[in-house]
Structures are given as C-alpha cells and as structure tokens.
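Residue numbers (this note's numbering), protein chains in the order written: chain A, 1 to 95; chain B, 1 to 422.
Possibly wrong hints are sitting among the right ones.
Here are the simulated SDA-like pairs of lysine to any residue, each with C-alpha atoms no more than 25 Å apart in a straight line [said to hold, decoys possible]: (1) B:K226 <-> A:M70; (2) B:K226 <-> B:A250; (3) B:K219 <-> B:L235; (4) B:K226 <-> A:G63; (5) B:K205 <-> B:K269; (6) B:K205 <-> B:I83; (7) B:K147 <-> B:Q225; (8) B:K219 <-> B:D264; (9) B:K147 <-> B:R283; (10) B:K269 <-> B:R167; (11) B:K147 <-> B:Q161; (12) B:K157 <-> B:R102; (13) B:K226 <-> A:N71; (14) B:K226 <-> A:A67; (15) B:K226 <-> A:P66; (16) B:K147 <-> B:G176; (17) B:K226 <-> A:T68; (18) B:K212 <-> B:Q225.
Hints were generated in silico from the structure; no laboratory data involved.
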Amino acid sequence: MRTPLPGLALLAALTTGAGGAEMRPPPGASSCTGCHAEGSAMGVLAGRPEAEIVGALDAFRGGTRPATIMNRIAKGFDAQESQAIAAWFAAQAPR
Amino acid sequence: MRRAASPEPTRRAVIGAAAASVLARPALGGTPPRVVVIGAGFGGATAARGLAAGGVDVTLVEASERYIACTGSNAVVVGLRGIDAQTFGYDALGRAGLRFVRATATGIDATARRVSLGDGTALPYDRLILSPGIDLRFDAIPGYDAKAAEAMPHAWKAGEQTLRLARQLDAMPEGGTVVLSAPANPYRCPPGPYERASLIAHFLKTRKPRAKLVLLDAKDTFSKQKLFEAAWARLYPDVIEYVPLAAGGAVTEVDPAGMVVRTDFAEYKADVACIIPPQRAGRIAAQAGCADRSGWCPIDPVTFESRLVPGIHVIGDAAIAGAMPKSAFSANSQGKVCAQAVIDLLAGREPESPKLINTCWSLVAPGHGISIAGVFHPADGLLADVPGAGGISPLDAPEDVQAREAAYGESWYQTITRDVFG
Chain A
1 MRTPLPGLAL LAALTTGAGG AEMRPPPGAS SCTGCHAEGS AMGVLAGRPE
51 AEIVGALDAF RGGTRPATIM NRIAKGFDAQ ESQAIAAWFA AQAPR
Chain B
1 MRRAASPEPT RRAVIGAAAA SVLARPALGG TPPRVVVIGA GFGGATAARG
51 LAAGGVDVTL VEASERYIAC TGSNAVVVGL RGIDAQTFGY DALGRAGLRF
101 VRATATGIDA TARRVSLGDG TALPYDRLIL SPGIDLRFDA IPGYDAKAAE
151 AMPHAWKAGE QTLRLARQLD AMPEGGTVVL SAPANPYRCP PGPYERASLI
201 AHFLKTRKPR AKLVLLDAKD TFSKQKLFEA AWARLYPDVI EYVPLAAGGA
251 VTEVDPAGMV VRTDFAEYKA DVACIIPPQR AGRIAAQAGC ADRSGWCPID
301 PVTFESRLVP GIHVIGDAAI AGAMPKSAFS ANSQGKVCAQ AVIDLLAGRE
351 PESPKLINTC WSLVAPGHGI SIAGVFHPAD GLLADVPGAG GISPLDAPED
401 VQAREAAYGE SWYQTITRDV FG
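From just these sequences and the hints, can you work out the full model?
Rendered as structure tokens:
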C-alpha cells in the first residue's frame, strides 16, 4: 500500500473500530439509549441477557406485558430485528 | 466510487477500496477525512459525539455559550421549574474527543467544502452536518416582528423569552385573558402549544381566578388532540376556549402596543399574548443552499444528506424528515443515525437502511402525562411511519398511568440531556 499512513490508519479504524462494519448498531438500536441508560426509570439495556430483551420485546408486542409506551414501540420491530437489537445490547458492557 | 469486484469482499479489499476512494481526492492528500458539525443542540451534539466515538476527526461549531433546552420549558413558563433545569454547559462536549469551536458559522462554500466563521477563519470539511434548529419567521404575521416579541413573547426558543412570558403571566390580573396562538404545520414540537395551553390553564385555575385562555390555531387538527381535548374538558372546562382554523383561528395581524390579536373573524384584547409564529430552518441552512422554497431542508432518509447540496447532511428541526416530528428525541435519534452513515460513507461502505424512534411526553397538568410514539423507516424516499407501530396514550388511562407517564417524561429528559451534554 503506497498511501500515507494517517489516512490509512483512520480508515482502518473506521472499518474495524468503534463505528466500523462489525460494530454497527442494527436498525433501531441507536434510538433506544435516548431513554434506556444508567439511572433512568426505564432501565439500562447494555449488558442485559439477549433472551431477556427478546422476551420483553415479544411480550410488549403481544400485549402480555403491561406498558405505557413500549407496547407501541415494540410493534415497529419484527422478531428478527428484535433479536439483532437484543444481541447488540447483550454484547455491550453494562453501563 | 470503486467497489471491490468480489461479491464478498475481504476486509483488506474493503479497506483498500475505501482508502483509494478517499485518498484519490486531491484536496485531501494524506490527511484523515474531516467532518464539521454546525449547531450543538440535541441533533448536532449527538452527531458530533457519535463521530468522535467512531474515531473521526470532528469539529463542532456552536455560537452560544450554553444550551437552553426547549423541551420541558413549558413548565418554566408557569413556574413549575427553574430555567437552570433547562440550561447546559458545553464543557463535557469539549472533553468528548472532538474539537469544540465557539464561533458563529457565517457562510458555507459547498464547492470548496469550507465553512467560514465569524472570526475570519475557515474550516475545511469532507462532510458537513448542519443541525441549526429553527429561525422564527418575523415576516409571516403582520405586526409580529422581533420587537413585537418583547410585548408578545413566542417563548419558542428557550431562554429570555421563556422567562419573559413567565413574568407576564405572573403579573397578569385576576380575571384577565391570555391569548395563545399556534402556527400551521410544520413547526418545532407539534404538541408543544397544546401542552403550553394546558399548563397555563392550570396556572390560571390555581393562581388567577376567573381568568381565561383563548387558544387560536392556524390548523384544525393537532398532535395528541383527543388526549388534550379530553383533559381540557375534564380539567379546564371554564378556562380554555379553543378556536381552530375552521372557526377563524388563524392570526392575521397583531398590535403589540394595544395588546390586540386579530383574526379574519374577531379581535382579541389580551392581558398576556403568546404568539408562536411560523418557522423555517436555521439561517445557515438556507445560506448553504440546503433549504427549499418551504424554508426547510429535503434530505435522503438513509443518510440525511441534503437532496440539494452534496456533502452536506441536515438533521433535527431543520430537516424535512417526513413523518418524524421536529422534536429533541427525533434530533437525538437522527444524530446517531447520521453519524453512523457519515462514518460508513467516509469508509466507502454502503450505509444500512435505518429505523428511528421518536417519543414525546406532554403534561396536561402537573403530574399528569400523555405521550405519542413512532417508529420510522425510509419508504419512497421519505421517512415514513412503520405501519402498526406508534400512536398515542389510551384515552381512558387511569390516574396512576398518567402519573407514570409524567415520571417517564421527566426521566427521559434527565437521560437525554446527560446523553447529549453530560
């Protein structure tokens, strides 16, 4: 590679680092942390077991878990999308 | 942009293609791509943080010394909270791995990809994100200019205007009349005028016996309408008079000296007048050529890149985001999605089609909350509602649910402001 190093180093970081392809949040996930963060009444998602998040979204969608607002939001995501969001948060360190 | 020929490119091939495409640009030479973000509100500060977290060289330009949040400021208008609870410094943003520049962006050269600043310096960019919020249109209602807004505050940009309206309400006589006017769509915070009407009505009921509120509306339908109207009928039947467009609600002229608000059908003498005028995207968006004839900025729903000017992305209230309302929650969601899209574009990668959420809580009285939520995705070139999702709180929500919604709204405010400014 004959390219100057600073640019290459950054591009490597862009591709593999915090914002890189493997680390891209699945569709919808980045909106969740507007509410779900440490200290919030809504609770943290980062570090929760995947199955727990999938189960919660499923129950909200089906109306079997009482909710003020998550019943309306969960309906915007199908099972596959919910699974991806759950895996994304489960893989993060709790914070 | 050249793509790797293999259907499943290796990581090396992706890096190579990305490096070739970015570094091939003569203006760049060997320097890493630079992103400039203008406006450190809920959209811009979020986007800048996301870019910094992704390792991008990002400069955030903001003219103000501190941020005063509109969301929640209706409670300040009626003395339920202090302006301090709405006020945030930018110190933490300066420590978030980005360059914070306190300056006014005075011009944008989209061809040279350069932002001019008030101090005479310039910032080159590879991609620019505009999050300029709104400008109030002081040319829209005859008689309502910046000077008139002192006598008849809009309080639609939080700060001195908010406190001015609060002082005027505090000083008004018992049995007086408040006139509040709401603009036609689109505008910042669709349910905001109706939350304001609710909280002012509560204030009048408890503090100014026999006082009335006339709500003049330049439209016939509005956000959370059934919920607001049910609350008004239950809590403020003798306080609020609602005049929709069809009944002559559009304000056609104001006389700030005489404290008179006129419509085509009537003239209202006000003790306090709050005029929320029509709005448009913040000035710099039009200056950059990103605003269309509506005054707002059409964007691509996947990347938020301007439909009018390549290399410039527009987020938050200034953008035409289809079904997404102009709210702090929307701006925060958009800031995160736009940052990721810019990271992808700089790396020569196709951005994924996103999903975005908006939630907005309003108070119909202290401790009584209602909400609207939506999930959005790109469809037919716009951000559209995901069918079957979203909607408003149930009309028959019991007291304890309303109390929880009020608490959740406050908790969201604490979380989002920590996320953005903390």
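Report task. Please flag the earlier hints that this structure goes against, numbers listed from lowest up. Result -> As far as the earlier hints go, only 7 is violated by this structure.
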